[in-house]
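K.L.:
Read top to bottom, the protein sequences are chains E and F. This note's numbering applies: residue 1 is where the first sequence begins, and numbers increase by one. This note's numbering applies: residue 1001 is where the second sequence begins, and numbers increase by one.
Everything labelled a hint here was simulated from the structure, so no lab data went into it. In this text, a Cβ means the ideal position worked out from N, Cα and C, and glycines have one as well. Hints may be right or wrong, so weigh each one.
[What the hints assert, rightly or not] Some chain F residues judged to face chain E by a derived CB distance under 8 Å, without partners named:
no.: 1; residue: Gln1064
no.: 2; residue: Thr1065
no.: 3; residue: Arg1128
[As the list claims (entries may be wrong)] With a straight-line Cα cutoff of 16 Å, these simulated EDC-like cross-link-like pairs (lysine to aspartate or glutamate) come out:
no.: 4; chain 1: F; residue 1: Lys1083; chain 2: F; residue 2: Asp1060
no.: 5; chain 1: E; residue 1: Lys354; chain 2: F; residue 2: Asp1025
no.: 6; chain 1: F; residue 1: Lys1192; chain 2: F; residue 2: Asp1166
no.: 7; chain 1: E; residue 1: Lys89; chain 2: E; residue 2: Glu103
no.: 8; chain 1: E; residue 1: Lys354; chain 2: F; residue 2: Asp1166
no.: 9; chain 1: F; residue 1: Lys1050; chain 2: F; residue 2: Glu1010
no.: 10; chain 1: E; residue 1: Lys229; chain 2: E; residue 2: Glu412
no.: 11; chain 1: E; residue 1: Lys354; chain 2: F; residue 2: Asp1060
no.: 12; chain 1: E; residue 1: Lys247; chain 2: E; residue 2: Glu270
[To be verified] Which bits of chain F does chain E cover? Going by a derived footprint, with three or more residues having C-beta under 8 Å, they are:
no.: 13; stretch: 1172 to 1179
no.: 14; stretch: 1185 to 1198
no.: 15; stretch: 1252 to 1260
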Amino acid sequence: MKPNEKLHPTFRRTPYRLHTSYYWYYLKILALVSSQLEPMQNNCIYLDNNATTKVDPEVVEAMLPYLTEYYGNPSSMHTFGGQLAKAVKIAREQLAALLGADESEIVYTSCGTEGDNAAIRAALLAQPDKRHIITTQVEHPAVLNVCKQLETQGYSVTYLSVNRQGQLDLNELEASLTGNTALVTTMYANNETGVVFPIEQIGLRAKEYGALFHVDAVQAVGKIPLNMKNSTVDMLTLSGHKIHAPKGIGALYVRRGVRFRPFLIGGHQERGRRAGTENVPGIIALGKAAELELLHLEEATKRESRLRDRLEKTLLATIPDCEVNGDITQRLPNTTNIGFKYIEGEAILLSLNKYGICASSGSACTSGSLEPSHVLRAMGLPYTTLHGSIRFSLCRYTTEAEIDRVIAVMPEIVERLRALSPFKNDEAGWLQAQEQTLAHR
Amino acid sequence: MWDYTDKVLELFYNPKNQGAIEEADESGVKVATGEVGSIACGDALRLHLKVEVASDKILDARFQTFGCTSAIASSSALTEMIKGLTLDEALNVSNKDIADYLGGLPEAKMHCSVMGQEALEAAIYNYRGIPLTAHDDDDEGALICSCFGISESKIRRVILENNLTDAEQVTNYVKAGGGCGSCLANIDDIIKDVQQQAATPAIDNYSVKVATDIATAKQSQRPLTNVQKIALIQKVLDEEVRPVLIADGGDVELYDVDGDRVKVLLQGACGSCSSSTATLKIAIEARLQDRVSKNLIVEAVEP
Ligand code: FES
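The shape of chain E in the complex, shown without the other chains:
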C-alpha cells in the first residue's frame, strides 16, 4: 500500500509545503551541522568489536522497509499496523533460536543497560523480603552502579573478587550465599579481558539458596553457543549493537515462570513486561542479526580465535615486556587484552589511530574517569602493566591482512613510546621505589 493514498486529505498535506520558509531554515541548519562534522574514516581496521560492531548489510536491508513503508504501530487494530505484529513475531523467534529459548521468554529492551537494570529491579521487587545481592567486582557499570545505588537503599551487596586471571572463586560465592540472597548477578564474559565465568556452576549454587540468577551476556551472545533450555539462568541480558544490529535495541531473556515486575510501566506491550511502543525496525534488525550469528557462529568462532591467537602470539614474540591479561583458557574467541609495560594506553591508541587501527585501552586517559580500568585493577595487575593495556576485539569481518597490519606497526609504536618513557630501563630507580611504596599502601 502506498501509505498516503488512503489517508484523509488533512494528513496528506506535507509540512514542507505549508511552511516553505521553515523548510529553508531546516536545510540551512542541516547544512551547518553537517559542515561541522569531520569526514568519517571509512576504511579503518576495526578491532574494537567489544565496544560496538558494524551493522551487517543484510540486517540493514531487513530493517529498512520498517523505517519507510511499514511504519505502523504493531499494537494497532487496523491491518496497516497489525500486519507488523507478524514480522515482530518472526524476529522474536529468530532471537529465541540463538538463545535456545522460547519466543515467549524474550522481552525487548532499548539496550544492555536497560536489560541489566530491569532484571535486577525485577528480581528484588519479586522477593521484597530478601535484601542481599551478590555480584562481582568486574561487572559492567550497568550492574555495578545499580548495586551501589541499591546499597544506599538498604540492600547489602557482596562484590566477589577475581584472581590475577580474572576468574571467580566459587568457594567465595558459596560462602556469601544466604537465605536472604535475592539475586546473584554476574556477567557471562568480561568485556575487557574476554574471561568467561562458569555460569552454570554459579547458577547451581544460587539455586541451592533459592536466589534468582541474572546473567549479563552482552559480550557472550553470538560469540559462544548458548542454550537456555537446561540452564540455571533465570534472566539474561543482550544488546543488539554487539552482534551487528544497530544501537538502540536489546533484549532480556526471562525464563518462563520467573516472576517478573516491569521496570518501564505503561501500556501492555511485551506481555506487560516492558511498556512502550515497540522499536519495530530495531526488533526486525535484531532478529535478522541473531539469525546470521547462529548461521556463522561455529565457523566465525574458529576463524576469529585463530586470527586472535596469531595476533597475540606474534605481538608477545616480537615485543619485549608485554603480557596477556586474563584467563587464556576460559576466554571469548575474539578478545585479547595485552599489557605493554612502561607506557600508557592512550598514547598507544592514538599512535594506532594514525594507521587507521581502532582498538581500546583500559587506561584512564581514554575515559572521562581518571582511574584505570576497575577490571584490571580488581585482577591485581601491577601499575607498570595496567596503564598500558590494550584490548583488540575481532569480529567475523576481521581479515588476515588487517591482523598483519597490526602485527607490523605495533612493535615500532611500543618502541617509540618506550624511548620516551622515564620508567623503561629504570627498574632499579624511580619506578622500583614507586612500586615499593605502592605495595605498602
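The hints should help you fit chain F with the ligand onto chain E, whose structure is shown.
P.N.:
Coordinates of chain F with the ligand only, in the frame set by chain E:
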C-alpha cells in the same frame, strides 16, 4: 576521542627534546633533574635541565614522560619554552603558559600541563638545593584526595593560579576527586574558602583605623593600650603571616592575648605539620616581635 589541537598532535608524533641529559664534566655547567607524578596515577615526568652556572641560564632541556598524548606534548612544549631562559624566568612559566603554547588542551587534560610546571619547579628547586616540601608542602599539607595523594596546599594553589570555580575543574587540573569521589565535598569547601579570602580586601577600614591609632601612639611615645596591641597583632597576622601560611595550605587564628603571651590556633597543614614549632617561632613570633613588641611570646593552643 579527545579533541587535540594540531600543535598537540605534532608534538606527540614528533616530540622535541626527548631523552635524558647525562652529567658531563663540562666546566661551568650543571645538570638538574626534576621528577613528578607516579606510575600509580598514570602520569610521570622526569625533566632534565642543563644550566650554565654563571648566568643561571638553561642551555638545554630534555624530558622523559610516562603518560598520554597531552602529557607527552606538554612535556615537549615545556622544554621548547624554557630553553634559553634564566632559572628565575623559567619559574614564571605557568601551567597556563604551557597549555597556551599548545593552542589549548581539553579541560580534562589540564593536569598534564600542571605536571609540566611542577617538574620544572622540582628541577630548579633541586638545583638550588631547596627542599621541595618546604615550598610545596605536598607531603605535609592535609591530604585531601587519598586516591591520588593530593594535598590541600596543592589544591589551593591550582585554584588560585587558574581561577577555578568548581570541583570538576580541580579534578581536571590536579586529578583530585577523579577516583572514588569521596573528597569532592572537601574540594568544594576549599574552593569556597579561597573565593571568600579573595573577596576580602586586604586592608579594610578597620585596619586603617588601627594603623592610625598605632601611629599616633608611637608619635606620643605612649605605650600601646591593650586594645591597640591586640589590634596590631591581629593586623600583622592578617596581612603578613596568614597569606604565607594559607599559600602553603595552613592558617593561623588569634586565640587570646594575655600580657605578652600571644596564644594562637594553628590550622590546616600548619596544625598537623611536623615543622609547626618552626612555623610558630620563625614565621609568627619573630614577625610579631619585630612589628609589635620585642617581649612577645607566641604559643599554640590545642584546638
Ligand atoms: S579521595 Fe579523592 S577521589 Fe578518592
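K.L.:
It remains to establish, for every hint, whether it holds in the given structure.
P.N.:
Tested hints:
Taking 8 Å as the C-beta contact cut-off toward chain E, the hint placing Gln1064/F at the interface holds, the least distance being around 4 Å. Interface hint status for Thr1065/F: upheld, as the beta-carbon distance to the closest one in chain E is roughly 6 Å, under 8 Å. Because the closest C-beta pair between Arg1128/F and chain E is about 21 Å apart, greater than 8 Å, the hint is violated. Restraint check for Lys1083/F and Asp1060/F: the C-alpha separation of about 6 Å stays at or below 16 Å, so the hint holds.
At most 16 Å may separate the alpha-carbon atoms for a hinted pair to count; Lys354/E and Asp1025/F exceed this at roughly 42 Å. Using a Cα cut-off of 16 Å, the hinted pair Lys1192/F and Asp1166/F holds, with the two alpha carbons roughly 9 Å apart. Between Lys89/E and Glu103/E, the direct Cα distance comes to roughly 8 Å. Compliance with the 16 Å bound is thereby established for this hinted pair. A C-alpha spacing of about 35 Å is found between Lys354/E and Asp1166/F, which places the hinted pair above 16 Å, so the restraint is violated.
Restraint check for Lys1050/F and Glu1010/F: the C-alpha separation of about 25 Å exceeds 16 Å, so the hint is violated. Note on Lys229/E and Glu412/E: the hinted pairing is violated, with a Cα-Cα distance of about 49 Å set against a maximum of 16 Å. The straight-line distance between the Cα atoms of Lys354/E and Asp1060/F is roughly 30 Å, outside the 16 Å bound, and the hint therefore fails. Using a Cα cut-off of 16 Å, the hinted pair Lys247/E and Glu270/E is violated, with the two alpha carbons roughly 20 Å apart.
Here the stretch 1172 to 1179 of chain F counts 3 residues with a CB under 8 Å from a CB of chain E, which clears the bar of 3, and the coverage holds. With 0 residues carrying a beta carbon less than 8 Å from a beta carbon of chain E, the stretch 1185 to 1198 of chain F misses the three-residue requirement, and the given coverage is violated. Residue count for the stretch 1252 to 1260 of chain F with a Cβ under 8 Å from a Cβ of chain E: 0. That is fewer than the three needed, and the coverage hint is violated.
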